[in-house]
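Here's the letter readout for the chains.
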Amino acid sequence: MSESVITSTPAPAARPEGVTGASILLDQVTKRYPGQKRPAVDGLTLEIPAGKMVMFVGPSGCGKTTTLKMINRLIEPTEGSIIINGEDVTRMNGDELRRKIGYVIQAGGLFPHLSVAANIAIVPKMLGWDKARIAARVDELLEMVSLDPAIYRNRFPKELSGGQQQRVGVARALAADPPVLLMDEPFGAVDPITRQRLQDEMLQIQSELHKTIVCVTHDFDEAVKLGDWIAVFDAGAQLVQYDTPERLLADPANEFVENFIGSGAGLKQLTLSRVSDVDLAEAIIGRPGERAADVLERITAAGHGHAVIVDDRGRPLQWPSRRQLGRMETISAAADPQLPVVGMRATLNDALDTMLVSSAGAALVTGRRETFQGVIDVGTVMDAINKAHELAAIEPENAPVGINTGSLQTTAAAGTGAGGEQAGR
Amino acid sequence: MVDFLSDRLRPILFAGWQHFSLVVQCLILATILAVLIATLVYRNKAMVSAANSVSAIGLTIPSFALIGLLVAPFGFGVTQAVIVVAFYAMLPILRNAVVGLSGISPSVVEAARGIGMSRLRTLVQVELPMAWPVILAGVRVSAQMVMGIAAITAYALGPGLGGFIFSGLSRLGGANALESVVTGVGGIIILALILDFLLVGLGRLTTPRGIRV
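Residue numbers (UniProt numbering), protein chains in the order written: chain A, 1 to 425; chain B, 1 to 213.
Don't read these hints as lab results, they were simulated from the structure. Mixed in with the good hints, there may be bad ones.
What the hints assert, rightly or not - Derived CB-CB ranges, DEER-like: (1) B:186 to A:135: 52 to 62 Å; (2) B:194 to A:61: 51 to 61 Å; (3) A:76 to B:36: 22 to 32 Å; (4) B:46 to A:395: 50 to 60 Å; (5) B:201 to A:86: 52 to 62 Å; (6) B:120 to A:135: 20 to 30 Å; (7) B:205 to A:96: 27 to 37 Å.
To be verified - Not everything, but these chain A residues come out facing chain B in the computed CB check (under 10 Å): (8) 33; (9) 34; (10) 36; (11) 69; (12) 96; (13) 98; (14) 111; (15) 339.
Beta carbons: idealized from backbone N, C-alpha and C, even for Gly.
With the sequences and hints as input, model every part of the structure.
Next up, the structure:
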């Protein structure tokens, strides 16, 4: 986080190519509830860059959900202003504002009396779209969230599984193509396997749409997996650290953040890189029907310990060592069911797991249609960890601002006020 | 008995139709009033318990006494009948409407507000449709109950089948007295069954498939 002093009305950040999201700025936002001494949110200034996914994490009751709901003014801020794309939205009609901001809650919050299509169509209807356009949009969105429109269009929420309901919830939020999407613990109510799948799909959708997404979660691993930036809050929406997942894991601001990350920060870092991000090792390729001695000659010449046998579509079948090859006459077409294989999209964490299980200390990487791409080994993973640490040490240039100015009133009440801004960590 | 019915078929059918019409019109009026009141009170805990007490206490007032009291300001005839029947019809509907509306999960309402529905739109498009099966259950209870109460309004010369019951009771032992009472009671039972059947049909037609049990 930089120590830069914020100007009161920053120019909207220039949008990178393909970004459909809007930048959001919370400018010294405070929320006080009557009858409570401590404000729920205390003078929070937070910049959310356009087209990024920002995760709010923190213990229960820390004010992260309150902060989220103040962005679409489901909760009205007591003081301060919300600026979306350079426009102060604190005074505009709240209902109209919310139609332009997607909102996803736990379990989807679908209306049980409306069909899936009708649920998704609500916001476009309010915005006065014509029927044909709405119907086309509903089908498009259902496909985007991997639900077959022909099957699911006319179903009712109770006829869907939890994961499917959540998908429809996301589709409904995206219906009118809003630049900003707010998610309140969106994947909290589904089982771990479904949650992982939904997270992967969310990443997929975001890589296409580049919305500005603000997501509240209490699951730190989810924040690391999904977030471009993570804001860690303590009680009273005190921003403890606002950083990239890499930097948060490599360099937690204080003990609170460390406790929140929990054990295994190093292993969690491995979930941040994917197999496609690292350099794969080449391998000597053999085909069924070849003489084993020929293949053995080639790997000896290349100095390799193993050869990869692939079928005619390039899919790996076996991974014999020199010794195994020496015992063979010709190479058979049999597939080894215990072959350690990981996909290009797998995280390094998954890859490492596969390697540890396999006896080779390495794993085969497959790409599209399970074709063989290369070999990944423990050394590659170690290099990736070291590289991540080096990268994390460098402060990102255009880091968004996040500070609590409210804390000044107690610590620097005697000061002149505007002069004494203080970073959140 | 058969002679009694065949001799007076037209007045019996007319009185039956009037009875039915009184009950249905009062039910419609009561449903509108009850839903209106329920929407005003259901967000406020104190008001909700007040509404529930009113509907509980209201039902303990003997209908016979209320009719007697209303004769003074409104006189004999249709006006007092409509007031009494609508009043009693309203109570179960009000109770169910309040229960139905306040039973809706807050997360659904939050989702509605969160995607930009105004308070009124949330009420009309989300909350009332979701509470409708519960409200309709109240309407069915009301319908059965006020079928009987409508008969009592005949005491103050209200319309309907009650007239046969009272005239029969007043000259019990005389000619055709029992037949008259039986006609009134039997007619009311038949009307109640018909109305309940119609309300079940209405429920099937108006309850969205997604919340049908």
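Against the structure, the hints come out as follows:
Residue 186 (chain B) and residue 135 (chain A) have their C-beta atoms about 54 Å apart, which keeps the hinted 52 to 62 Å range intact. Checked against the hint of 51 to 61 Å, the pair residue 194 (chain B) and residue 61 (chain A) passes, with Cβ atoms roughly 57 Å apart. The hinted range of 22 to 32 Å is satisfied by residue 76 (chain A) and residue 36 (chain B), whose Cβ atoms lie roughly 28 Å apart. Hint check: residue 46 (chain B) to residue 395 (chain A), Cβ distance near 55 Å, so the stated range 50 to 60 Å holds.
One distance hint, 52 to 62 Å for the beta-carbon pair residue 201 (chain B) and residue 86 (chain A), holds here, with the actual separation near 57 Å. Here the CB-CB span from residue 120 (chain B) to residue 135 (chain A) is close to 26 Å, well matched to the stated 20 to 30 Å. Remark: the range hint 27 to 37 Å for residue 205 (chain B) to residue 96 (chain A) is upheld by a beta-carbon distance near 35 Å. Violation of the interface hint for residue 33 (chain A) is found here, the shortest Cβ-Cβ separation to chain B being roughly 17 Å, above the 10 Å cut-off.
At its closest, the beta carbon of residue 34 (chain A) sits 17 Å from a beta carbon of chain B; the interface hint therefore is violated under the 10 Å criterion. The interface hint given for residue 36 (chain A) is violated, since its Cβ lies 20 Å from the closest Cβ of chain B, which is over the 10 Å cut-off. The interface hint given for residue 69 (chain A) holds, since its Cβ lies 8 Å from the closest Cβ of chain B, which is under the 10 Å cut-off. Taken as an interface hint, residue 96 (chain A) checks out: its beta carbon lies about 7 Å from the nearest beta carbon of chain B, inside 10 Å.
Look at residue 98 (chain A): its Cβ gets to within about 4 Å of chain B, closer than 10 Å, so that hint holds up. The beta carbon of residue 111 (chain A) is positioned within 10 Å of a beta carbon in chain B (closest approach about 6 Å), and the interface hint is therefore held. Contact between residue 339 (chain A) and chain B, as hinted, is not supported at the beta carbon level, the nearest pair being about 46 Å apart and thus beyond 10 Å.
The structure fails to meet hints 8, 9, 10 and 15 from the earlier list, while all remaining hints are met.
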